[in-house]
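Assemble the complex: chain A is given as a structure, and chain B must be docked to it using the hints.
Number of protein chains: 2
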Amino acid sequence: MHTLELTKPDGRSLTLYSRRPLPSELRAPSPFPRPLEAQPHLRWHPLRAEWVTYATYRQDRPFLPPVAYNPLAPTVDPAAPTEVPDGDWDVAVFDNRFPSLSLGADLAPELIVPTAPATGKCEVVVYSRDATASLGRLPLAHIELLIEVWGERTQRIAQAGPIEYVLPFENRGAEVGVTLHHPHGQIYAYRNTPPVPKRMLDVALDYYAAHGRGPLAELIQGEIKASVRMLYAGEHAVAFIPVCARYPYEVWIAPIAPVDSFSALLPVQRADLARAMKTVLLKYDGLWQRPFPYLMAWYQAPTDGRSHPECHLHAELYPPYRTRDKLKYLAGTEIAAGFFAMDALPENKAQELQQVKVDIDGP
Amino acid sequence: MHTLELTKPDGRSLTLYSRRPLPSELRAPSPFPRPLEAQPHLRWHPLRAEWVTYATYRQDRPFLPPVAYNPLAPTVDPAAPTEVPDGDWDVAVFDNRFPSLSLGADLAPELIVPTAPATGKCEVVVYSRDATASLGRLPLAHIELLIEVWGERTQRIAQAGPIEYVLPFENRGAEVGVTLHHPHGQIYAYRNTPPVPKRMLDVALDYYAAHGRGPLAELIQGEIKASVRMLYAGEHAVAFIPVCARYPYEVWIAPIAPVDSFSALLPVQRADLARAMKTVLLKYDGLWQRPFPYLMAWYQAPTDGRSHPECHLHAELYPPYRTRDKLKYLAGTEIAAGFFAMDALPENKAQELQQVKVDIDGP
Numbered sequence: 001m002h003t004l005e006l007t008k009p010d011g012r013s014l015t016l017y018s019r020r021p022l023p024s025e026l027r028a029p030s031p032f033p034r035p036l037e038a039q040p041h042l043r044w045h046p047l048r049a050e051w052v053t054y055a056t057y058r059q060d061r062p063f064l065p066p067v068a069y070n071p072l073a074p075t076v077d078p079a080a081p082t083e084v085p086d087g088d089w090d091v092a093v094f095d096n097r098f099p100s101l102s103l104g105a106d107l108a109p110e111l112i113v114p115t116a117p118a119t120g121k122c123e124v125v126v127y128s129r130d131a132t133a134s135l136g137r138l139p140l141a142h143i144e145l146l147i148e149v150w151g152e153r154t155q156r157i158a159q160a161g162p163i164e165y166v167l168p169f170e171n172r173g174a175e176v177g178v179t180l181h182h183p184h185g186q187i188y189a190y191r192n193t194p195p196v197p198k199r200m201l202d203v204a205l206d207y208y209a210a211h212g213r214g215p216l217a218e219l220i221q222g223e224i225k226a227s228v229r230m231l232y233a234g235e236h237a238v239a240f241i242p243v244c245a246r247y248p249y250e251v252w253i254a255p256i257a258p259v260d261s262f263s264a265l266l267p268v269q270r271a272d273l274a275r276a277m278k279t280v281l282l283k284y285d286g287l288w289q290r291p292f293p294y295l296m297a298w299y300q301a302p303t304d305g306r307s308h309p310e311c312h313l314h315a316e317l318y319p320p321y322r323t324r325d326k327l328k329y330l331a332g333t334e335i336a337a338g339f340f341a342m343d344a345l346p347e348n349k350a351q352e353l354q355q356v357k358v359d360i361d362g363p
Numbered sequence: 001m002h003t004l005e006l007t008k009p010d011g012r013s014l015t016l017y018s019r020r021p022l023p024s025e026l027r028a029p030s031p032f033p034r035p036l037e038a039q040p041h042l043r044w045h046p047l048r049a050e051w052v053t054y055a056t057y058r059q060d061r062p063f064l065p066p067v068a069y070n071p072l073a074p075t076v077d078p079a080a081p082t083e084v085p086d087g088d089w090d091v092a093v094f095d096n097r098f099p100s101l102s103l104g105a106d107l108a109p110e111l112i113v114p115t116a117p118a119t120g121k122c123e124v125v126v127y128s129r130d131a132t133a134s135l136g137r138l139p140l141a142h143i144e145l146l147i148e149v150w151g152e153r154t155q156r157i158a159q160a161g162p163i164e165y166v167l168p169f170e171n172r173g174a175e176v177g178v179t180l181h182h183p184h185g186q187i188y189a190y191r192n193t194p195p196v197p198k199r200m201l202d203v204a205l206d207y208y209a210a211h212g213r214g215p216l217a218e219l220i221q222g223e224i225k226a227s228v229r230m231l232y233a234g235e236h237a238v239a240f241i242p243v244c245a246r247y248p249y250e251v252w253i254a255p256i257a258p259v260d261s262f263s264a265l266l267p268v269q270r271a272d273l274a275r276a277m278k279t280v281l282l283k284y285d286g287l288w289q290r291p292f293p294y295l296m297a298w299y300q301a302p303t304d305g306r307s308h309p310e311c312h313l314h315a316e317l318y319p320p321y322r323t324r325d326k327l328k329y330l331a332g333t334e335i336a337a338g339f340f341a342m343d344a345l346p347e348n349k350a351q352e353l354q355q356v357k358v359d360i361d362g363p
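Chains as they are written, first to last, in this note's numbering: chain A, 1 to 363; chain B, 1 to 363.
Here chain A stands alone, though its shape is the one from the complex (with noise of 0.2 Å):
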């Protein structure tokens, strides 16, 4: 993998990864003239035990533009600069314009619960140059690549500041509410382990504590066995719909040995992650013949030089959808109560996406 590390004139940072040499002459551009002073501020809730972020500027960041300008796509016009250059250039990741988190954050207002500066970090992580393109549709050599830059990615963030937890996180499709069309994905980087990968963590090192193995160890071992909801079975991944499936096309995808985090995957392992991802991808798109919105995303251990052998880097992927044509809305019992109520099994919902041929070998 060759990176390029550059700064745009507004002060951003944005790294250029590609598995050819980049030319050194490559200049980093940006939309945006002026330095954007983000001072997202966190509130303590007192109810849930948890922070909340308020990121003001957030309401002017861009909502379905029009098609002709794309900010993720190269700039090859240098009087209308979008956020990355033009290249040859796979992977580009830079610093969210609008960020909810920030590692410049220093202020916070007083208020009648606690309130600190919203310390983090935000990255947009472009997986093509190629508009058109999907993340699934990609060269298995290319996805690989992506999950070598989710690896590095989360190793530099946590040297550049006090940073406990990163999630790489991908929203696709307008029925998520995504604004740009272009093939990207995210990086959220938190000082505190958020609540959900929190809680998991806590599960996991419980169970690890009692069985001397973790609880996704121990469901992948099942699933490979009961293999009715299996969509991928590789020498070193897999990708299944979880018997617990909280979504009815909610799928999992992990190595199957017990990694903890992205940096500490081996070759291998990387090359049927990225076999087991574009299979997954494939069938989601194939499933109605258009593309499939869902939210993905990877969950690895906490940055905080500790091992954590209790740890399973996996994804979670969960559609909007319940059927072609209904939404899975989140109501009464999913937001208010925490507690899932599936109109699906994932044994059917498997069956189907089961059906679905690709090819993740072909061009």
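FYI, nobody ran anything at the bench for these hints, they're computed from the structure. Careful, some of the hints might be misleading.
What the hints assert, rightly or not - Calculated pairs, SDA-like style, for lysine to any residue (alpha carbon to alpha carbon, straight line, at most 20 Å):
{"#": "1", "chain 1": "A", "residue 1": "Lys-326", "chain 2": "A", "residue 2": "Asn-348"}
{"#": "2", "chain 1": "A", "residue 1": "Lys-198", "chain 2": "B", "residue 2": "Lys-225"}
{"#": "3", "chain 1": "A", "residue 1": "Lys-198", "chain 2": "B", "residue 2": "Trp-44"}
{"#": "4", "chain 1": "B", "residue 1": "Lys-326", "chain 2": "A", "residue 2": "Pro-293"}
{"#": "5", "chain 1": "A", "residue 1": "Lys-326", "chain 2": "B", "residue 2": "Lys-225"}
{"#": "6", "chain 1": "B", "residue 1": "Lys-326", "chain 2": "A", "residue 2": "Thr-179"}
{"#": "7", "chain 1": "B", "residue 1": "Lys-326", "chain 2": "B", "residue 2": "Gly-286"}
{"#": "8", "chain 1": "A", "residue 1": "Lys-326", "chain 2": "B", "residue 2": "Ala-331"}
{"#": "9", "chain 1": "B", "residue 1": "Lys-326", "chain 2": "B", "residue 2": "Val-176"}
{"#": "10", "chain 1": "B", "residue 1": "Lys-198", "chain 2": "A", "residue 2": "Leu-201"}
{"#": "11", "chain 1": "A", "residue 1": "Lys-225", "chain 2": "A", "residue 2": "Leu-345"}
{"#": "12", "chain 1": "A", "residue 1": "Lys-198", "chain 2": "B", "residue 2": "Glu-334"}
{"#": "13", "chain 1": "A", "residue 1": "Lys-198", "chain 2": "B", "residue 2": "Val-203"}
{"#": "14", "chain 1": "A", "residue 1": "Lys-225", "chain 2": "A", "residue 2": "Ala-257"}
{"#": "15", "chain 1": "A", "residue 1": "Lys-326", "chain 2": "A", "residue 2": "Lys-357"}
{"#": "16", "chain 1": "A", "residue 1": "Lys-225", "chain 2": "B", "residue 2": "Pro-114"}
{"#": "17", "chain 1": "B", "residue 1": "Lys-225", "chain 2": "B", "residue 2": "Gln-354"}
{"#": "18", "chain 1": "A", "residue 1": "Lys-225", "chain 2": "A", "residue 2": "Gln-351"}
{"#": "19", "chain 1": "B", "residue 1": "Lys-198", "chain 2": "A", "residue 2": "Trp-44"}
{"#": "20", "chain 1": "B", "residue 1": "Lys-225", "chain 2": "A", "residue 2": "Gln-289"}
{"#": "21", "chain 1": "A", "residue 1": "Lys-225", "chain 2": "B", "residue 2": "Val-113"}
{"#": "22", "chain 1": "A", "residue 1": "Lys-357", "chain 2": "A", "residue 2": "Gly-234"}
Said to hold, decoys possible - Which stretches of chain B does chain A cover? Using the computed rule of at least three CB atoms under 8 Å from a CB of chain A, they are:
{"#": "23", "region": "33 to 46"}
{"#": "24", "region": "148 to 157"}
{"#": "25", "region": "244 to 252"}
None of these values were measured; they are calculated from a predicted model. For every residue, glycine included, the Cβ atom is placed at its ideal position computed from N, Cα and C.
Chain B only, in chain A's frame:
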């Protein structure tokens, strides 16, 4: 409050509530000729340590049916029975025909994770006989009655089976997936306190142990003093956008004193809660002069027979809009991390709602 308990031809229960005596000759209709053998089951989610419920028949429930047929309107044509009879009732409560949880559940499949019958209860609460009404436009006395009904149901359900937590909620608007537009809410009764109330109870218990009062009682005092986010400040009840709002138009409604459940409310507190609720709902609808969608959930103490001085009855309302024409999508950081990012300040959103004038004592 007058009540009349009835049984539908398909075995489900229906209870009518009225401020006036109810004629005992009323009969309970049902659109369904046969009983439904509801056998929802739970599966254990080993990574989150929580239950998920599966009820596959729920896919058959109505989805935006033609306006001609409204199953929540009083039956006028005996050949086309609805869920409720014609008659002088104010509020009707009946068993959901497609429950996610059932007291009759006694089966669960054997799987690779623990499973259990999905014990619980799902009820539909019809707020009014008038299909064109809305909760906010009901007379204050009618809203008071509804609050009394929520208390009565909580007690009744807790006596009917092994129920630890009763959650009344309302999903309003197509934006949150509502399929029937007749004004109504739901009640979910859980065998075990579900994740979100559980988290709030644990947090409140710790806070109470340390400070001798609950976190909401403390916050309410702060909000009253700060006053900038208040929407209703009565003698016994308040409504405000909390300083730590996770949704732009999030509102909390609560008695000022830490009453732990509906049934513990004094009549003056109930009356003031009705005023607070009506104020908020009319402000919502007045803001953009159109019905304002929301999820409203009422949190109270578990029905575990124990005393809960840490617990403070209150409603949380989550509207899906962030501006007049933009929805707030829950995506990566909210859903995957449980960490909410806001692009509006509660103080500014409160100001918008403060400026909407309403007349809660009007006809």
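Hints broken by the structure, by number, lowest first? 2, 5, 15, 20, 24
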